[in-house]
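Asker: Below are the chains, spelled out letter by letter.
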Amino acid sequence: MTSFTHALESEVWKGLQEVSDPEIPSISIVEMGMVNGVRVEDNHVSIEFTPTFVGCPALKIIEKNIIDRISAIPGVESVDVQFVFEPRWTTDRISESGREKLRKFGILPPPKRAEDAWEIECPYCNSKNTTLDNLFGPTACRSIAYCRDCRNPFEAIKPI
Amino acid sequence: MTELQRVLDANQAKELEGFRDALVELLYQLADDDFILSYRGSEWLGLAPHIEEDVSFSSISQDTMGHAVAFYEMLESLGEGKADDLAQLRQPEAFRNAILVERPNGSGHYMEKPQYDWAYTVVRFYLYELFKQVRLESLVHSTYVPLAQLARKMMPELHYHLIHWSVWLKQLANSTDEAKSKMVNALQKAWVDLGDLFDLGPQADAIVQHGLIEGEELLRERWIHRVKQTLEVNRLPWFGKPVKGEYNGRAGKHTDDLVTALQTLSEVYRLDPAANW
Numbered sequence: 001m002t003s004f005t006h007a008l009e010s011e012v013w014k015g016l017q018e019v020s021d022p023e024i025p026s027i028s029i030v031e032m033g034m035v036n037g038v039r040v041e042d043n044h045v046s047i048e049f050t051p052t053f054v055g056c057p058a059l060k061i062i063e064k065n066i067i068d069r070i071s072a073i074p075g076v077e078s079v080d081v082q083f084v085f086e087p088r089w090t091t092d093r094i095s096e097s098g099r100e101k102l103r104k105f106g107i108l109p110p111p112k113r114a115e116d117a118w119e120i121e122c123p124y125c126n127s128k129n130t131t132l133d134n135l136f137g138p139t140a141c142r143s144i145a146y147c148r149d150c151r152n153p154f155e156a157i158k159p160i
Numbered sequence: 001m002t003e004l005q006r007v008l009d010a011n012q013a014k015e016l017e018g019f020r021d022a023l024v025e026l027l028y029q030l031a032d033d034d035f036i037l038s039y040r041g042s043e044w045l046g047l048a049p050h051i052e053e054d055v056s057f058s059s060i061s062q063d064t065m066g067h068a069v070a071f072y073e074m075l076e077s078l079g080e081g082k083a084d085d086l087a088q089l090r091q092p093e094a095f096r097n098a099i100l101v102e103r104p105n106g107s108g109h110y111m112e113k114p115q116y117d118w119a120y121t122v123v124r125f126y127l128y129e130l131f132k133q134v135r136l137e138s139l140v141h142s143t144y145v146p147l148a149q150l151a152r153k154m155m156p157e158l159h160y161h162l163i164h165w166s167v168w169l170k171q172l173a174n175s176t177d178e179a180k181s182k183m184v185n186a187l188q189k190a191w192v193d194l195g196d197l198f199d200l201g202p203q204a205d206a207i208v209q210h211g212l213i214e215g216e217e218l219l220r221e222r223w224i225h226r227v228k229q230t231l232e233v234n235r236l237p238w239f240g241k242p243v244k245g246e247y248n249g250r251a252g253k254h255t256d257d258l259v260t261a262l263q264t265l266s267e268v269y270r271l272d273p274a275a276n277w
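Sequence order for the protein chains is A and B.
Just so we're aligned, residue 1 is where the first sequence starts under the working numbering, counting upward by one.
Just so we're aligned, residue 1 is where the second sequence starts under the working numbering, counting upward by one.
Source of the hints: derived by calculation from the structure; they are not laboratory data.
Watch out, some of these pointers could steer you wrong.
[As the list claims (entries may be wrong)] As a list, the in silico DSBU-like pairs of lysine-lysine whose alpha-carbon atoms are at most 30 angstroms apart:
1. A/K60 / B/K113
2. A/K101 / A/K128
3. A/K128 / B/K170
4. B/K82 / B/K14
5. A/K101 / A/K112
6. A/K14 / A/K60
7. A/K64 / B/K82
8. B/K82 / A/K60
9. B/K241 / B/K228
10. B/K228 / B/K182
11. A/K14 / A/K128
12. B/K113 / B/K189
Take these sequences, add in the hints, and give me the full structure.
Answerer: So, in structure tokens, the structure goes:
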């Protein structure tokens with residue numbers, strides 16, 4: 001790998017850190033584990049992207065945001081984004097910092113592994129005295145819960 | 001049995017004529033089932049029994065519509081034309097969905113007195129999603145690798161849909177006498193349309209020989225096993241092994257309800273197919 005390619009690749013990752021899921025603006029697509037890989041060939045950048053849910057309606061918007069952000073990097077002439085389903089997006093792809101940011105935003109991150117018990121802990125007060133009010137929420141990947149202690153409704157990312 | 005060749009992508013599939021044609025036929029069944037049923041689901045928007053159900057049902061319908069899109073895009077990659085056109089511009093007889101998914105939600109019209117049948121909706125969605133689970137489990141071993149990967153990805157999503165419909169089914173079946181009798185009627189009504197659900201259409205032999213999915217009989221038996229368990233636990237009647245009905249969606253023989261549904265859902269797109277959304 002030439003030093004130019006290497007430098008460009010690191011710029012691309014930095015850029016992707018600034019692209020967020022439009023439905024969850026506090027967290028980047030990298031932290032959500034949605035970026036599967038970056039390939040730089042000369043001045044062309046290919047990004048492999050793995051959606052959380054197959055039918056996520058935000059995909060086109062995310063694709064556009066990626067292309068806009070990465071095209072702005074000096075030295076990049078073209079960008080393409082490919083959606084891949086293998087490897088699958090699973091719950092354990094969310095990074096530690098991503099999990100923390102979700103919690104701060106009021107969204108409970110999923111258990112680290114989908115097979116772990118789904119204990120719904122309030123992201124505001126850490127109480128386990130909660131109810132799952134609706135398995136389905138405003139987006140396919142989220143559910144709606146309620147905290148009986150601090151009386152906040154909140155959302156939780158579904159374990160998959 | 002000889003080891004079947006795994007086909008890695010659309011280009012490779014296109015070079016194998018018999019394989020491609022069988023794959024395309026199967027994909028239309030998968031895409032059209034999800035597309036038409038999620039359209040029926042979307043017709044409940046604002047009419048579901050309570051606000052939480054409205055949220056859940058729209059989310060499930062949106063996810064199912066997303067699955068249909070993924071299948072149509074796979075057809076696009078195989079040279080069948082634009083995904084949007086495949087969904088919205090084909091003639092009714094070109095659709096390969098099962099009859100069960102095209103039936104209306106009840107009497108009346110969305111805009112004027114929609115007298116939709118919730119028990120029928122619960123039963124229909126439960127029966128279909130359970131079949132979808134059986135089908136995806138088989139597709140995970142498909143010789144067409146992109147399809148196997150997609151199926152594997154869809155399974156955990158479908159898991160949540162199934163939980164949803166199972167909860168409704170259980171609660172209604174174990175509720176008042178009125179609820180119970182509505183559920184029995186709904187099952188009876190859905191049962192008539194089950195025949196072609198398992199059908200793999202006129203290209204069934206080729207579809208199975210190429211290892212795209214397992215045979216109809218196997219899929220049906222697995223489905224029967226699971227449905228019987230649920231019905232038994234909830235003390236609901238078993239109406240016998242599904243038999244072929246009057247129509248056959250897999251062969252393009254549909255009811256007029258599909259014709260009306262397609263007219264409605266594609267109305268805007270047909271006005272200006274070149275429009276940007």
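Asker: Of all the hints numbered above, which does this structure not satisfy? Sort the numbers upward.
Answerer: 1, 11
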